[in-house]
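Student: Given next are the chains, with one letter for each unit.
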Amino acid sequence: MLRGALLLALNDLRQTIKDRPTLFWMIIMPVGFIFLFGQMGGGSGGGKVSLTVIDEDQTYLSEAFAEALGHEGFSIQRVGPAERDSLGRIRRSVTVPPGFQDSLMHAQSTPVFFYVDPDASSEASVTAEMHIQRASFSTLFSLTEANPAGKTWASPTDPGFQQRFAEIAARPRLIQVASETAGRGRPVPSGMRQSLPATIALFMLINTTIYGAVFLATEKQEGILARIASQPLHRVTILGGKILGALAIGLAQAGILLLAGRFLLGAYLGNSLPGLLLVIVCFGLAASSMALFWGAILRRPEQVTATTLVVALFLGAIGGCWWPLEVVPQWMRTMGHISPAAWAMDGFHAIISFGAGIGAVVVPCLILLGYAAVFFGIGARLLRFSD
Amino acid sequence: MLVVESLSRSFGSLKAVDEIGFQVKPGEIYGLLGPNGAGKTTTISCVCGLLRPDRGTIELDGVALESDPIAFKRRLGVVPQETALYGDLSARENLHFWGGLAGLTGGALRDRTTAVLEAVGLTERAGDAVRKYSGGMKRRLNLAIGMIHEPKLLLLDEPTVGIDIQARLNILDVVREVVRAGTIVLYTTHYLEEAQELCDRIGIMDHGRILAEGSLTELKRMVGEGEILTLKGRFEPGELQSIVAEDEHVRVVSLEEGQAVLDVGKGQGEVTGVLGRILRKGLAVDDISIQQPNLQGVFLKLTGRELRD
Ligand SMILES: Nc1ncnc2c1ncn2[C@@H]1O[C@H](COP(=O)(O)OP(=O)(O)O)[C@@H](O)[C@H]1O
Ligand SMILES: [Mg+2]
Numbered sequence: 000m001l002r003g004a005l006l007l008a009l010n011d012l013r014q015t016i017k018d019r020p021t022l023f024w025m026i027i028m029p030v031g032f033i034f035l036f037g038q039m040g041g042g043s044g045g046g047k048v049s050l051t052v053i054d055e056d057q058t059y060l061s062e063a064f065a066e067a068l069g070h071e072g073f074s075i076q077r078v079g080p081a082e083r084d085s086l087g088r089i090r091r092s093v094t095v096p097p098g099f100q101d102s103l104m105h106a107q108s109t110p111v112f113f114y115v116d117p118d119a120s121s122e123a124s125v126t127a128e129m130h131i132q133r134a135s136f137s138t139l140f141s142l143t144e145a146n147p148a149g150k151t152w153a154s155p156t157d158p159g160f161q162q163r164f165a166e167i168a169a170r171p172r173l174i175q176v177a178s179e180t181a182g183r184g185r186p187v188p189s190g191m192r193q194s195l196p197a198t199i200a201l202f203m204l205i206n207t208t209i210y211g212a213v214f215l216a217t218e219k220q221e222g223i224l225a226r227i228a229s230q231p232l233h234r235v236t237i238l239g240g241k242i243l244g245a246l247a248i249g250l251a252q253a254g255i256l257l258l259a260g261r262f263l264l265g266a267y268l269g270n271s272l273p274g275l276l277l278v279i280v281c282f283g284l285a286a287s288s289m290a291l292f293w294g295a296i297l298r299r300p301e302q303v304t305a306t307t308l309v310v311a312l313f314l315g316a317i318g319g320c321w322w323p324l325e326v327v328p329q330w331m332r333t334m335g336h337i338s339p340a341a342w343a344m345d346g347f348h349a350i351i352s353f354g355a356g357i358g359a360v361v362v363p364c365l366i367l368l369g370y371a372a373v374f375f376g377i378g379a380r381l382l383r384f385s386d
Numbered sequence: 000m001l002v003v004e005s006l007s008r009s010f011g012s013l014k015a016v017d018e019i020g021f022q023v024k025p026g027e028i029y030g031l032l033g034p035n036g037a038g039k040t041t042t043i044s045c046v047c048g049l050l051r052p053d054r055g056t057i058e059l060d061g062v063a064l065e066s067d068p069i070a071f072k073r074r075l076g077v078v079p080q081e082t083a084l085y086g087d088l089s090a091r092e093n094l095h096f097w098g099g100l101a102g103l104t105g106g107a108l109r110d111r112t113t114a115v116l117e118a119v120g121l122t123e124r125a126g127d128a129v130r131k132y133s134g135g136m137k138r139r140l141n142l143a144i145g146m147i148h149e150p151k152l153l154l155l156d157e158p159t160v161g162i163d164i165q166a167r168l169n170i171l172d173v174v175r176e177v178v179r180a181g182t183i184v185l186y187t188t189h190y191l192e193e194a195q196e197l198c199d200r201i202g203i204m205d206h207g208r209i210l211a212e213g214s215l216t217e218l219k220r221m222v223g224e225g226e227i228l229t230l231k232g233r234f235e236p237g238e239l240q241s242i243v244a245e246d247e248h249v250r251v252v253s254l255e256e257g258q259a260v261l262d263v264g265k266g267q268g269e270v271t272g273v274l275g276r277i278l279r280k281g282l283a284v285d286d287i288s289i290q291q292p293n294l295q296g297v298f299l300k301l302t303g304r305e306l307r308d
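Chains as they are written, first to last, in numbering that gives the first Met the number 0: chain L, 0 to 386; chain U, 0 to 308.
These are computed hints drawn from the structure, not numbers from a lab.
Do not take every clue at face value.
Some chain U residues flagged as far from chain L (calculated, every beta-carbon gap over 12 Å) [stated by the list, open to error]:
1) 0
2) 27
3) 63
4) 136
5) 161
6) 163
7) 171
8) 173
9) 211
10) 232
11) 236
12) 248
13) 254
14) 282
To be clear about the criterion: a stretch of chain L counts as covered by chain U if any three or more of its residues have a C-beta under 8 Å from a C-beta of chain U, and this derived list gives those stretches [as the list claims (entries may be wrong)]:
15) 9 to 20
16) 219 to 225
17) 230 to 237
Glycine included, every Cβ here is placed at the ideal spot set by N, Cα and C.
Just chain U, with the same shape it has in the complex (with noise of 0.2 Å):
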């Protein structure tokens, strides 16, 4: 079980993370959920021990990362957001390389370096100078060479960034393997969709901190089944926050000149009451959204912002 309590990392004035917390059972896939900026990269330093936390602990299994931190890294496999490979080498060359730091020798290592080129789909081109690699190709070597060592705990940040949809799904299968035999993963993503897919449960993240947190359904339960009314146009926020003042059924998510998001309660027929009311009152509207209460709109709901790629 991975454990982390309080964390927190600021750089200078700025909280990159922000008091967070979380665990992750053996067998889960945890995802961090956020846009970029949001602290997911941070998050994800500090448990590998990269980043020194201002603030709070991390625990995999009952050992603490800063009372023994070599102890925690051994049983710890991590996929960077930037794909940290050597060009120069082969596939194969810095899986040797990356497994033999991670401890493996011999038999073992050659063993699994077979074994994860396979199951990334990077057999056949193995012997290949990595330079030569298409992102997505890179992508599945960086995933391998996070788990040749078959860690208890897997880091992914951001594994799948501006790849092909072939290789996207083929690194979501492989993690998905690798959760069924035991492990523990820490998955980070700005991808609504995948999050949705992939992941047991989700951390929604914004300005380092958790905002909310659960399953999908957890999580839509949590903010209501209502629907999200995005309002552009040319209004003062006062205008629009008088027609609503007395509205039992709207809740005002965000509100600034030109836009407006509502969060408006549940029960059919109610967002075309609560638009057709507003616009009798003659607001200058120019463009109107209704969002259902996905995980975008959990998102919305929660941030006044829409997350996208």
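Here chain L stands alone, though its shape is the one from the complex (with noise of 0.2 Å):
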């Protein structure tokens, strides 16, 4: 019984692969769409926000504020002066004049310049910008306590200075900000994490249903399917291997994305591989079922074709595909949970935005599979075999 299904899997598989389009379909047009539409959002989205520091101070507290911003979590680039220009293009960076340590020394204010690529994540920069702040802040109170009240300041070429403002720094915040999101206000999911997910979201609906139906749909009107059915076979291992070849081209699908994504484009995939891919099963059979909902339903491969990409793109839209549902009204993002890519966009951005575990996906995935339950139990009873 497996092994007639596994027969039936690996044949549409392979016709997938033997179709022209697919290379198209399943490779070149969804990792541009990663590509392209990541760059919207500012890029790899890989962690940290960059910032380069032009050092041109190349003093002791000039490196000091170096390493302020560098515990405010960016990802820091300290270069002179001289080095500026060999950099090319920056996205965000801090420029240090010369007589920054001069001028606090001597408690006169001196201006730090932060310049940002008109192209760089605008949401990133604004965030970027209150981080130099704090690092400010932390700097300078590091400064004025490491001073004791009313004696001339060391200098900071001082050994017993360097030491005392080192253990100051280092020292946890007397006052930490506790932040956490709450419910509705959660962070938009940009660049990459939105646009890899996305995408494999998409296209998995897409192919899975364009595929697994017009197969069908293809081998009812060929009389391939009678065929099938007079076959020492049971009609759900007919159903199964159907249900099958369909997912393993949802698979293949996924799988070329994940790659694609994280090895050509270096995009961010969370913590939770497994979480992952858990997600990305369960969208798969729900995909599958709906293939054979369509195959099933459908007469001819054209309609079948026209029908079902209809379908996958709004699916895919009001899923949050095409634009993350976060910034989407209320009643958009409750609507758009009739898709099931919403449920998978859930599942993949608690894991690649949001840092969750395997445990987040829970509910999105028996949702789906839930999904996968009705479309399969309508498709299993209204398939024919033949005309």
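Mind assembling these two chains? They're in different frames, but the hints should get you there.
Tutor: Here you go:
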């Protein structure tokens, strides 16, 4: 029984690979999508926001300031004025001008210059500005605390001062701002953190339903399904084989995009690969069952292609594959969860954007399995093996 | 032995198959001969388990299709009327796929693939995509798939429709070969000559019913040795009816305006005698044809219609 189902599934997978447009639909187009849509929100989004510190002062305090920036969670690249030009295009930079340390030691105001490339994620830049402020404060506090009141300030080159300064800087903050995201106001996934899962969900949905349903309709039309039905196979084996074939196409699609996203485009995939894969399998099952459903109720293959494509694009749109559901009004977000893609995106975002573990995807996965069960039930009931 | 009893299947109000029954022994080819729409494919679909009959039983060597469909289908090979093949795969890949589904594996699958490719003469083109095949080649592959697992019962639904004579002869040869090995063959066709040449027994089918059944000689005897006289012209049914009414040699097979089919009893010269009497009465006849008592004649006598391609 399992063997029959596997033969059917492998055959569908083989047909898919032999189909020329597959290369375009399953590789070129979606990888292009991830890249292009990923650029809109500021690129790889791989963890830390990058910041180049152009240190034109090259003193103890300018270095301490750069270090404080590092504590703020930036990925810091500190360069001297000479190296500035060799860097090419810089996304965000803070320039510490010459005389920075001197001014501070004489209690004079000193500017630092924050530069943002117009193409960089503006959201990340606003946050960056706030962190630069915090780094400035912490540097100043450490400086004043390291110099006892009423005395002339020690020279920053004095080893005693440097030790005191370093100890103070390393001390935990007296006031910690604990922040957590409350229900609705969660951050909006952007860059490839949005475009990678969105493209996986959208193209899994498109390709699984189109290929799965078109195979069914074509084979019904050409009498192949009837011939399969005259083989010594149970009906459930045939249905299972067809579902498995569509699932294999979906998993192949997801696999291609995960690998291309991770290794070609450097996308960040979160900390729970098992969680991610679980969402993919459950979503794949939901999409395969929808393929069975469409293959059962539609007759001509052209009709199937048109219908499944439009429906997949629509479900992708309301499910958050074109833009994150975090930016739409609450009612649209609620309505959007009619689409299985919305549940898949919830699962993907939980892991890729919000750093959750496998536990966070249990509910979306159960709901996706529910979709799979419903569509399989209807499709299995309605599918006729011959016209 | 294949035993089909009181098989019926309707589509809405249309009785596509109406209370038919027949038996086929191992090593025998049973032909269902009938025009398009006679119910041949519906019968085949019921026997291969694709269509559920409204009534009746189908048994192969004592195993009822209904009670154990998987066991039944394991011993069944089907050559459907449509050439149901994967166009993007080669003949060899198609055979591997279908043979695999039928339960063959490993070396047996490879050996049988080679054997059937050879039998239908496709060895040289076995690696080409089926999409590029001619109609005849597709039909031959269609047959090869049906027999790859050496089924006990082989169903062939009009396997030679629309192909060149070469491919047709090859297919008939292969079927004869298969039967020689003791296979039960159920063969449908609307070609008279094919039924005449190939089949051991023939069921003549029309409008869902088997009108007569037997070997060619039996069928001929059944309908008498007489000849069939077909008249066409500008006459009323009543006119002809009154002319032939008292004629003991004539049986009216069908009669409508402008066309009559008469079964003229045996004996030399009967036809010319009957024809002379009709023409002497001044019936406006434009076209006369006389049909010898062959299968065509049998069909005509049973149905009042000719069986044509
Ligand atoms: N699926 C179907 N739905 C409705 N009518 C059908 C169906 N299949 C066959 N028929 C009708 O049943 C009759 C017998 O058809 P079929 O068995 O295909 O005849 P044959 O194979 O002898 O040409 C025809 O009148 C045909 O139109
Ligand atoms: Mg037919």
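Student: Next step is simple, just say for each hint if it's right about the structure.
Tutor: Quick rundown of the hints versus the structure:
no. : hint       : in the structure
1   : 0          : holds, 20 Å
2   : 27         : holds, 21 Å
3   : 63         : holds, 15 Å
4   : 136        : holds, 17 Å
5   : 161        : holds, 15 Å
6   : 163        : holds, 22 Å
7   : 171        : holds, 22 Å
8   : 173        : holds, 19 Å
9   : 211        : holds, 29 Å
10  : 232        : holds, 43 Å
11  : 236        : holds, 41 Å
12  : 248        : holds, 49 Å
13  : 254        : holds, 39 Å
14  : 282        : holds, 48 Å
15  : 9 to 20    : holds (count 5)
16  : 219 to 225 : holds (count 4)
17  : 230 to 237 : holds (count 4)
Consistency note: the structure conflicts with none of the earlier hints.
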